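S.K.: Letter 9 of the sequence shown, counting from 1, is numbered 9 in full-length UniProt numbering, and no numbers are missing.
Derived from the structure by calculation, the hints contain no laboratory data. Some clues are possibly wrong.
[Stated by the list, open to error] The calculated lysine-lysine pairs, modelled on PhoX-like cross-linking and capped at a C-alpha distance of 25 Å, are: (1) K64 to K39; (2) K18 to K44; (3) K39 to K76; (4) K76 to K18; (5) K64 to K37; (6) K44 to K76; (7) K64 to K18; (8) K39 to K18; (9) K76 to K64; (10) K16 to K76; (11) K16 to K84; (12) K44 to K64; (13) K64 to K16; (14) K18 to K84; (15) K76 to K37; (16) K84 to K44.
Since the model is a prediction, treat every value here as computed from it, not as a measurement.
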Amino acid sequence: MASGSVAELMTNEEYKRKVEHSVEPVVVTFLSSLDDKCKAVASKIEELSNEFTTVKFYQVDIRKHAMLSSALLDSKLPFIVFVKSGADILTLGSDVSLRSIREGVEALRTAS
Numbered sequence: 001m002a003s004g005s006v007a008e009l010m011t012n013e014e015y016k017r018k019v020e021h022s023v024e025p026v027v028v029t030f031l032s033s034l035d036d037k038c039k040a041v042a043s044k045i046e047e048l049s050n051e052f053t054t055v056k057f058y059q060v061d062i063r064k065h066a067m068l069s070s071a072l073l074d075s076k077l078p079f080i081v082f083v084k085s086g087a088d089i090l091t092l093g094s095d096v097s098l099r100s101i102r103e104g105v106e107a108l109r110t111a112s
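Can you make the complete structure from the sequences, with help from the hints?
M.R.: Below, the structure written as structure tokens:
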């Protein structure tokens, strides 16, 4: 994945490999491509991916990947998970702002 981009996760195996087994900090956004709130959050995440190039950013569109999202998620969308060394550092639910996402990325980068 190139720096400053958000890649889409397609399978459970890909999630395990790129998120759970990553040694780098990772942000995963679960969303629906048809929901306006999710689209707004996706735009904010894209903006942050250009700023925080040492963090990997992924998204899961639940409309395309229902099995992956159901295996990992039981919350309202959008739902953001911040992961470092395979451990969830922070999760944000449906009421997210650019500020809260930025703070989450900062916390992820400084987590030990």
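S.K.: It remains to establish, for every hint, whether it holds in the given structure.
M.R.: Hint check:
Under the criterion of a C-alpha separation no larger than 25 Å, the hint pairing K64 with K39 is consistent with the structure, at around 15 Å. Between K18 and K44 the CA atoms are separated by roughly 21 Å; this keeps the pair inside 25 Å, and the hint holds. For the hint linking K39 to K76, the alpha-carbon distance of about 14 Å falls within 25 Å, and the restraint holds. With a C-alpha separation of about 23 Å, the suggested pair K76 and K18 falls inside the 25 Å cut-off, and the hint holds.
Pair hint K64 plus K37 holds up; C-alpha atoms about 18 Å apart against a cutoff of 25 Å. Annotation: proposed proximity of K44 to K76 holds, straight-line Cα distance about 18 Å (limit 25 Å). At roughly 18 Å between alpha-carbon atoms, K64 and K18 fall within 25 Å of each other, so this suggested pair holds. The straight-line distance between the Cα atoms of K39 and K18 is roughly 23 Å, inside the 25 Å bound, and the hint therefore holds.
About 17 Å separates the Cα atoms of K76 and K64, which keeps this hinted pair within 25 Å; it holds. Simply put, K16 and K76 have alpha-carbon atoms about 22 Å apart, close enough for the 25 Å limit, and the pair holds. Annotation: proposed proximity of K16 to K84 holds, straight-line Cα distance about 13 Å (limit 25 Å). Using a Cα cut-off of 25 Å, the hinted pair K44 and K64 holds, with the two alpha carbons roughly 21 Å apart.
In summary, the hint linking K64 to K16 is supported, as the alpha carbons are separated by about 18 Å, within the 25 Å threshold. Pair hint K18 plus K84 holds up; C-alpha atoms about 11 Å apart against a cutoff of 25 Å. Taking the CA atoms of K76 and K37, the gap is near 11 Å; set against the 25 Å cutoff, the hint holds. Among the hinted pairs, K84 with K44 is consistent with the structure: their alpha-carbon atoms are about 21 Å apart, no more than 25 Å.
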